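Undergrad: Below are the chains, spelled out letter by letter.
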Amino acid sequence: MKSAISQSGRAQKNAGISWDDHIPIMEERLKTFVQSWPSSLSGEFLEYSSGLTSAEFRKNPKNSWVGLYPFWIYLPVWLTEKYSGKKTATSKQFLRDILWVQICLFFFIRIQDDLYDGHTKYQSLIFASNLFLLEAESVLSDYFSTSSRFWKIYREALKNSSKAIVETVHLQQRPRTAPAKLIKAYAGIAAHFDIVIAAICIRYRRMADLSCLTQFSVQMVIAGQLMDDLEDLEDDLKYGKYNYVANRLLREITGKLTPQSKVEEEIRRAILVTDGVGKLFNAVRKHLHLAAKAIKPLDLPEAITLLHDYREGVNKIAFIIHQQRVNFFFK
Amino acid sequence: MESQKSKRADINDVYKLACTDEKFLDALLTNADSALEKVRLNLPEPDRKKLKEMLEEKMTVTGGDLLKYTHSFYNSLMKSTNPPPPPPPWRIELQKPLR
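Residue numbers (the numbering used here), protein chains in the order written: chain D, 1 to 331; chain R, 1 to 99.
Hints were generated in silico from the structure; no laboratory data involved. For clarity, every value in this text was computed on a predicted model and none was experimentally measured. Ideal placement from N, C-alpha and C gives every residue a C-beta, glycine not left out. Careful, some of the hints might be misleading.
Listed next, the in silico DSS-like pairs over lysine-lysine satisfying Cα-Cα at most 30 Å (straight line) [as the list claims (entries may be wrong)]:
(1) D/82 x D/92
(2) R/52 x D/279
(3) D/331 x D/92
(4) D/262 x R/52
(5) D/316 x R/68
(6) R/23 x D/331
(7) D/316 x R/58
Residues from chain D that keep clear of chain R, each with C-beta distances beyond 12 Å, as calculated [what the hints assert, rightly or not]:
(8) 97
(9) 152
(10) 209
Among the chain R residues that face chain D by a calculated CB cut under 7 Å, a handful are [said to hold, decoys possible]:
(11) 22
(12) 24
(13) 26
(14) 55
(15) 73
(16) 81
(17) 88
(18) 89
Excised from the complex, chain R in its bound form (with noise of 0.2 Å):
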């Protein structure tokens, strides 16, 4: 019974869930009560509504914001990766050039 119990946690431990589980992330912005509830983790109070707030602010970031966010996803997309994924079917890149 005891493994039933909810785990007392800080924002870090939430943050560490949501990096190795995509589903936690996902259910957390829908609906964070209910994702914590789920993963049993105790939140305090202070920190849930800390928690809420932070990615309330961030499911309405709008305009530059939203495009300076989007522009570091891009780079992070671009990052190099051994192996890589497959590349597009439509380039070829030349080993020199053909002058």
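In isolation and in its complexed conformation, chain D is listed as follows (with noise of 0.2 Å):
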């Protein structure tokens, strides 16, 4: 894992900021917390969270640049760094929190998905998500009173999320949904990441920041995902779900409303006769433009290099899959 953070790590390198100090701890803290529930519920816990690292990563750690942190690991940190000025062990000690609630969160939501979904056959998982929402809410309590603005945005954010879960996977049934569509619900998902950008705004009296980073955080997600949706898209196709690139897929291919029973192939030739996966690539390169866009007034200069980091591997991965298109049909 070191090595994959240290891949992109310039960022928070630029920044003086030693990411890997923070890693070890959160997950000291989540062993640490997990230990305490019923030994049957955190087993299973320990079961499902071994399964979060891809088959790729396990593969090749070294060379995997899906081990990668989000970038919703490394806006906190960021930013507290940015508001707080000197480190002082109040500011670390927020910081610290503040990632857990994220990590939290995190799991609250994924759990959720995941038994939704059918990812995990583990149902008793539905009561550590509860755990991880309660175990937030706590943390949260040191640092908001109940009359403080910050809980109406945390009520918002986890409402919206929860409405987004449900609307996706209701839309990625059906092959043909209109891709604005599933956009708008992954930037729903999305909401729970404005808690902590908020917490972190409310604490530092920096509420005029945070329409900016709400903004970039959602066309983060949104780019982030549709790469995910293009790795997961056979996996997806098996379990009869239609992501955001089957969709759009689809609509290369023809104009016509395809069988039921063709839809499969008929994505698999999109992906090789049409450009298909090139205008993906663009939709992508679009959404961190808009990123950086949304980040500029800010001056985080971090966020800015992994950005440009980020545009620059979608470069790399474009241009290898053309390459691969054109061997189809030259070799």
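With the hints in hand, could you dock these two chains into one complex?
TA: This is the structure in structure tokens:
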């Protein structure tokens, strides 16, 4: 993992932040938290969490891009470092708590999503999800009184994420959903990332930055989700799930409705005989551009560096894929 | 006026241009004659016929062959690049197992 982080770790190093310091602390906190549960529940969560590491990453952790952390792990670090000015024990503790909240909220949503999607057989994890939510609330309560405006943002964000998860599953059940509808649903799922952003902005009295930051977050989530949809296309189709990429590719191949039995083959064909995947990369670039536009007024050089690296990464993958298409036809 | 003339080419020239120009590849798959004319590549008739047959054959690939090709496409997709593209937002990899 360390080597994968350091590959794209320029943004963190530029800010003088040793990201590697935070990871072991967070993992230790997660371990302690999970060990406090009934052993049957912690055992099932451990099984579940070991499956979160992708096969590709397990096979080749040094070279795999899939092992990288998403932006929402880095963003709280950049923001607290920027807003708190000098590093005090209080700001350090706040950062560690807020990162922990981010991780708890991530598991709260991720577990429910996996249960709903049938990606885990352990039904007991619904209670693990509850425990993560309660833990996040408990930590946040140390910083925000019950009357704080923070809680309104918190409830709204969780409501939006919950609704969007159900809506996304519904939209992905049929081929030929308008891609724009899926993008909107993906943006909705991302709402829970607003919680930590809002917590930091309220804590450091930077509410003027909130809308830029949430916009940045949404665009980053969409860009990453589109890459994820491409990576998961085969698996998703196996489970009858038509993600954004599947829907976009189907639009490329024909204007007519494809019989259900032929949909998978049509999508495969679209990958090779159309520039559908190239257009997908353009969509990823567009969302990275929107993220850059949103974050620009905030003067966060780490974010700009990360976005630059991601754009370069997209260009490189796009080039490899184009070569693959050319070779398919000519070799 | 000299630059307006078509360049005598072979299939390898077409391949090289397709490698660097995404739009050319797509134009080639839609209408090979017009795509070649547009980029002023003068492909002799036998080569042109061979190229069209080659493209047509791949355009109609089905079943197991299609699966085989899309698998190799996926293998390419998973190749690492440095820097990487944006990672999926819903995935975190733990540095060490929690046990």
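Undergrad: Run every hint past the structure and note whether it holds.
TA: Hints, verified against the model:
no. : hint         : result
1   : D/82 x D/92  : holds, 12 Å
2   : R/52 x D/279 : holds, 25 Å
3   : D/331 x D/92 : violated, 57 Å
4   : D/262 x R/52 : holds, 26 Å
5   : D/316 x R/68 : holds, 23 Å
6   : R/23 x D/331 : holds, 19 Å
7   : D/316 x R/58 : holds, 25 Å
8   : 97           : holds, 18 Å
9   : 152          : holds, 24 Å
10  : 209          : holds, 21 Å
11  : 22           : holds, 6 Å
12  : 24           : violated, 10 Å
13  : 26           : holds, 5 Å
14  : 55           : holds, 6 Å
15  : 73           : holds, 5 Å
16  : 81           : holds, 4 Å
17  : 88           : holds, 3 Å
18  : 89           : holds, 4 Å
Consistency with the previously given hints fails for numbers 3 and 12, ordered from lowest to highest.
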